[in-house]
Amino acid sequence: MSEEENVMVRTKDLEKTYTVSDGKTVVGLEDLTFDIPRGSFVVICGPSGSGKTTLLNILSGIDRPTKGEVQVNGQDLTGKDEDFLADFRCLHTGFVFQAYNLVSTLTVAENIAFPMEWLRKTPQEIETRVSELLSSVGLADRENHFPSQLSGGEQQRVAFARALANDPELILADEPTGNLDSKNAERILKVLQELKEKGKTVIVSTHEKQVREFADIVITLKNGRVVTDSE
Amino acid sequence: MNSGAGFPVNDLFRRRFQTGLAITTLTLSVSSTLFLLFFISRLGLGGSFSAKTLTLGLNSIFSQFNFFLGGLIFLVGIVLTSFIVFLMMTQRTRDFGLIKAAGCPNSLVAGYFMTELLTLSFIGCSLGLFFGFIFDYATSIFIFSEYQLVNWWLAPVIFIVFLVLAIFFGLQPIFKVSKMSAAAALSQAKYFGLSDEFSFKSSRIKLGWRIAVRSLFRRKTATIRIILFLSVVFALLTVSVTGGIVAKDTTNDWLGNSVSDGIVAVADSNFGRQYELLLSKFNSGKEVEDFNYTDPELGVKSDVIDAICLMTFVESVDPRLIVYGHVKEIANFTVAEDSMQILPVGDHREGDCLVIGVDPQNIDNVGAMKGRFLSSNDSLTAVIGDSVSQSMYSPSPSRYVVLSDPLVQSIQFNNTNFQIVGLCVDPLNNGFVTYVPLEKMMATTGLDRPNIVFIKIADSYPVDRAVEELKNIVQNVDSSLDVFDFREIVKQNSDFLSSIWSIILFLPVFSLISASLCIVGYLMLSIEEQRHEFGALRAIGAKPRVIFSISVIQSASVIFSGFAVGTSLGVIIALMILIADPVVTSSSIAIIICWILSGLIGIFLLSLYPSFKLAKTSILKLLS
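Going down the list, the sequences are from chains P and E. Residue 102 in the numbering used here sits at position 102 of the first sequence, and the numbers go up by one each step. Numbers in the numbering used here are just positions in the second sequence, counted from 1, shifted up by 1000.
Treat the hints with care, since some could be wrong.
Unchecked claim - Okay, derived cross-link-like pairs now, PhoX-like style, lysine-lysine, Cα gap no bigger than 25 angstroms in a straight line: (1) E:1616 / P:80; (2) P:80 / E:1491; (3) E:1286 / E:1491; (4) E:1543 / P:121; (5) E:1471 / E:1491; (6) P:190 / P:67; (7) E:1543 / E:1206; (8) E:1206 / P:121; (9) E:1621 / P:24; (10) E:1543 / P:80; (11) E:1616 / P:67; (12) P:183 / P:222; (13) E:1491 / E:1370; (14) E:1621 / P:222; (15) E:1621 / P:80; (16) P:67 / E:1471; (17) E:1621 / P:67.
Claimed, not checked - Calculated from the model, a selection of chain E residues having no Cβ within reach of chain P, i.e. all distances over 10 angstroms: (18) 1075; (19) 1106; (20) 1118; (21) 1175; (22) 1220; (23) 1286; (24) 1301; (25) 1308; (26) 1362; (27) 1482; (28) 1485; (29) 1532; (30) 1560.
Think of the hints as simulated: they come from the structure by calculation, not from any bench. Computed from a predicted model, the values in this text were never measured in an experiment. Think of the CB as a built atom: it goes at the ideal place given N, C-alpha and C, for glycine as much as any other residue.
Given only the sequences and the hints, what does the whole structure look like? Please build it.
Okay, here's the thing in structure tokens:
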């Protein structure tokens, strides 16, 4: 594998600014330039408002940078239209939101299945994959339940299963343990480690020290800038 | 936490979008109802717009039609108001739970939300009254070129009814949520008034459909209410359009019969002009009041009629003797079918009208009939106009007249009784006419000559040329005579009637606009509550068109359900109130279908706006 192919994420002079209601510009991210190799476990940390979630959103194609370039899994996301980014999110990334963001009108199984339905996979493929994922997160007996009937930890696990549905190369998790008790947090960290072992690239934003212990790379942000970068 | 009214007011400002939408919809509901009821009043239901024109029979049809429209418009307003406040307050369930969970006593939280409800309802209803008057004033000036306040009492009635309804329906979710525990109010299942019963679990349908349909099922109450609202709107549209177009065609057909194509008249020039005024009274004219109909000089001599008969283009000649006279109602008796009791029919009412002697064998132009027209074997029979029937032969509680039916009664003129055999709609003298056999008419009046002669011109012969030739012939014999072509007046009458029907047909357009804005409001609120989930779907990889299609499926489901129920109801109501023997042509059916489909398509297209807006919204904004 060439050095170029070994890079999962590449950013160059990345910048994100917001215009707030009084017309002032607020810097979200500034001059971010870094590479993340494939198969690494990356932790983005920093205080609240430092730009962790903004960075994850840009890397996943949910948000667009104001300036600079982003390449993920060999795909240049700069200046791409919404349909391209939707396909990119569906095919190449799995995002675990801090607030889970499960669709309340779909059952647990359907929440996991719907990213696969957009890729027009066969019902047999989808069923097999959903069973596999439900077993891996320990929710095989809850497949017909709705999100409102699950606890916070269970919803987080469904969110993980959904993120893995299309077997993406890149997993992004925004504060995945922030709302969980220590037992559930450990379970999630174990899942993340297993993913890394399977060769997936995992990027986690957190401010918990426990998570940093698993990291290959830690990117610390402060006021939208990288403060330290260690391997 | 603020105390008193501070918190509710701040809360309303904080939720500017929802507050604005709720006030706008409530204002629209009250103002459109008030405006439409004012407008209907002007058109005839207790108003004065058509009181001095048209025949009483046609006025009665308009009143009946307007009464149904008024009822439906009122119903639209009520359903819309109840729906909006219910939806608005149901969406506060979670906030209620949050405040309760923070330790605020139940009574205080309920008080906050009641204050919000009262504030919104009062502002919405007050603005509704204000705009209702403004719309009414602007429309009156634009259409009738004058403003005169009619039935002003409708304003306080509507204000009170709508305010009470808004408070009543808005309090229901407040009381419901006040009985819930904080945990239940905060629960996702109760969020936005969701049902916690998920009974619809089929997964054989496509993802977009699954989410859309489940979302509608989940918000059962709101979905049922919007379908109910749209049903009433489509029922209103169907009744006004179907009834209006059929009634327009039917009444225009009646008018067309008053003076058929190819008929001209020969009469003394003064009498002819008076006849023109009597005919145009239907739309605006006024006859010469002290005109002497019995003047023997007005009679058309027999040698004139003989000369006319000799002309090649004349197909038939219809001589008439018209006088203005005093007529009396002759009561009768009937036997009740169930009790075999003998019951009186009618009374002894009197009135003035044109009495027209016609030769039944030669008659060419007769308006629409109930019963039959005079036949050649008739001697002492009469056909009365609809205005005579309405004014002298209808049940009258004030005179204790319970049973009244002109077809079993008689009419007296110059001490001669004529048995009534039919009713007609005749624009002449606004329907205040009575037809009797010419022979008996001459006998009772002592006049031996007709004062007007109608001539049917052969279809192949140009009417204008026939008029010129007739003029030469009749004026050679009697220079006081002239030839009259009434086609222009008949056209004016027909146009006038059409314009009134057009104005009535315009009413559902306002309701449609109101319904369209309401459906947009509903969809915006509906999208607002699902915003986060749509954001999640987009973040996971759903393209904007997937989200757009979910939103469109939801709006299409409620609109088409409302359309199906509403048009079915509308057709039933329209059949119930349609006039007897309606004229229904294939073109009128096509126009009706076009109108109703346009309404459906219009509402549907407008409902796409929130969906487009949703598809354009960024994921982060949706998720925020």
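Report task. Take a quick look at residue 1482 (chain E) and tell me if its Cβ sits farther than 10 angstroms from every Cβ on chain P, holds or violated. Result -> Non-interface label on residue 1482 (chain E) holds, nearest chain P Cβ at 79 angstroms vs cutoff 10 angstroms.
Query raised in the report: Minimum Cβ separation between residue 1175 (chain E) and chain P greater than 10 angstroms?
Result: Fine: 24 angstroms to the nearest Cβ keeps residue 1175 (chain E) off the interface.
Query raised in the report: Are all C-beta atoms of chain P more than 10 angstroms from that of residue 1532 (chain E)?
Result: violated (7 angstroms)
Report task. For the pair supplied as a hint, residue 1286 (chain E) and residue 1491 (chain E), confirm whether the alpha-carbon distance does not exceed 25 angstroms. Result -> Since the Cα atoms of residue 1286 (chain E) and residue 1491 (chain E) sit roughly 17 angstroms apart, the hinted pair holds (cutoff 25 angstroms).
Query raised in the report: Given the hint that residue 1471 (chain E) pairs with residue 1491 (chain E), does the C-alpha gap stay at or below 25 angstroms?
Result: holds (23 angstroms)
**Report entry** Given as non-interface: residue 1362 (chain E), which should sit over 10 angstroms from chain P by C-beta
**Finding:** At roughly 77 angstroms from the nearest Cβ of chain P, residue 1362 (chain E) sits farther out than 10 angstroms, so the non-interface label holds.
Query - Hinted pair residue 80 (chain P) and residue 1491 (chain E), Cα distance within 25 angstroms - result: Not satisfied, since the Cα-Cα distance of roughly 65 angstroms exceeds 25 angstroms.
Query raised in the report: Between residue 1206 (chain E) and residue 121 (chain P), is the straight-line Cα distance small enough, at 25 angstroms or below?
Result: holds (13 angstroms)
**Report entry** residue 1621 (chain E) paired with residue 222 (chain P) [C-alpha distance capped at 25 angstroms]
**Finding:** holds (24 angstroms)
Query - Straight-line alpha-carbon gap residue 190 (chain P) to residue 67 (chain P), limit 25 angstroms - result: With a Cα-Cα distance of about 36 angstroms, the restraint between residue 190 (chain P) and residue 67 (chain P) is violated, given a limit of 25 angstroms.
Query raised in the report: Are the Cα positions of residue 1621 (chain E) and residue 67 (chain P) separated by 25 angstroms at most?
Result: With Cα atoms ~20 angstroms apart, residue 1621 (chain E) and residue 67 (chain P) stay inside 25 angstroms; holds.
**Report entry** Pair hint residue 1491 (chain E) and residue 1370 (chain E), alpha-carbon separation not exceeding 25 angstroms
**Finding:** Roughly 24 angstroms separates the two Cα atoms, so the pair holds.
The earlier numbered hints that this structure contradicts are 2, 6, 12, 16, 29.
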